[in-house]
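Novice: Each chain is listed here by its residues.
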Amino acid sequence: ILNVEQSPQSLHVQEGDSTNFTCSFPSSNFYALHWYRWETAKSPEALFVMTLNGDEKKKGRISATLNTKEGYSYLYIKGSQPEDSATYLCAFPGRGGSQGNLIFGKGTKLSVKP
Amino acid sequence: DAGITQSPRHKVTETGTPVTLRCHQTENHRYMYWYRQDPGHGLRLIHYSYGVKDTDKGEVSDGYSVSRSKTEDFLLTLESATSSQTSVYFCAISWGSTEKLFFGSGTQLSVL
Chain A
137 ILNVEQSPQS
147 LHVQEGDSTN
157 FTCSFPSSNF
167 YALHWYRWET
177 AKSPEALFVM
187 TLNGDEKKKG
197 RISATLNTKE
207 GYSYLYIKGS
217 QPEDSATYLC
227 AFPGRGGSQG
237 NLIFGKGTKL
247 SVKP
Chain B
54 DAGITQSPRH
64 KVTETGTPVT
74 LRCHQTENHR
84 YMYWYRQDPG
94 HGLRLIHYSY
104 GVKDTDKGEV
114 SDGYSVSRSK
124 TEDFLLTLES
134 ATSSQTSVYF
144 CAISWGSTEK
154 LFFGSGTQLS
164 VL
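Those protein sequence lines, which keep their order, are chains A and B. For the working numbering, count along the first sequence from 1 and bump the result up by 136. For the working numbering, count along the second sequence from 1 and bump the result up by 53.
These aren't lab readings, by the way, just hints derived from the structure by calculation. Everything numeric in this text was worked out from a predicted model, so none of it was measured. Honestly, I wouldn't trust all of these hints.
To be verified - PhoX-like mimics (lysine-lysine), calculated; alpha carbons at most 25 Å apart, straight line: (1) B:Lys153 with A:Lys194; (2) A:Lys249 with A:Lys195; (3) B:Lys106 with A:Lys242; (4) B:Lys110 with A:Lys205; (5) A:Lys242 with A:Lys195; (6) A:Lys214 with A:Lys249; (7) A:Lys178 with A:Lys249; (8) B:Lys153 with A:Lys195; (9) B:Lys106 with A:Lys178; (10) A:Lys214 with B:Lys110; (11) A:Lys214 with A:Lys193; (12) B:Lys110 with B:Lys123; (13) A:Lys245 with A:Lys178; (14) B:Lys153 with B:Lys110; (15) A:Lys194 with A:Lys205; (16) B:Lys123 with B:Lys153; (17) A:Lys205 with A:Lys178; (18) A:Lys205 with A:Lys249; (19) B:Lys153 with A:Lys193; (20) B:Lys106 with B:Lys123; (21) B:Lys153 with A:Lys242; (22) A:Lys245 with A:Lys194; (23) A:Lys245 with A:Lys193; (24) B:Lys123 with A:Lys242; (25) B:Lys110 with A:Lys245.
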């Protein structure tokens, strides 16, 4: 069974702090790595889809890097704000690869205190 | 909103009854997915579809079946609901695993 691991499970930071968390995935047969943001009582929303080793993506204060050879991706948030409080999920294609069988990690729950 | 509608939004049913959840899209995406969300487990894939009449099992497919007779509709059926199937069910669509998923609003299902 494919494993997508995220760490830490939860994170509590103060407003203005910068933070980062990790997604680990199998390094063989890489197709893509997804990041999603999931606010309480809402649906997950896509942040990034990364496909190339060394890829770096940025959206406002949030950025992500990808290392396919060692099987990890980092998500960074610069200057966290209370509205960044959410669960951040990564996902990786499992059995079937590019056929779309996306497996999610359990997420990192971020709480930003004002 | 990516043009995905899940119905019903909420359902309460009794153990042993059949239940069908519907996911409807207006975006013509090829891939459709059903996930369930449970505390401590995050999102787990139940079944997915990569085209009309083309479906495959996910991580937690036991007790569920799906059908996709047309591009826009993906049905999830619990043949005989059990209390362990109480969950929030999310439908999602995409062009493929290298493309973003767009999620529906979710269906809260309670099996008593």
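Novice: Going through the numbered hints above, which ones does this structure break? Give me the numbers in ascending order.
Specialist: 3, 4, 9, 10, 17, 18, 24 and 25
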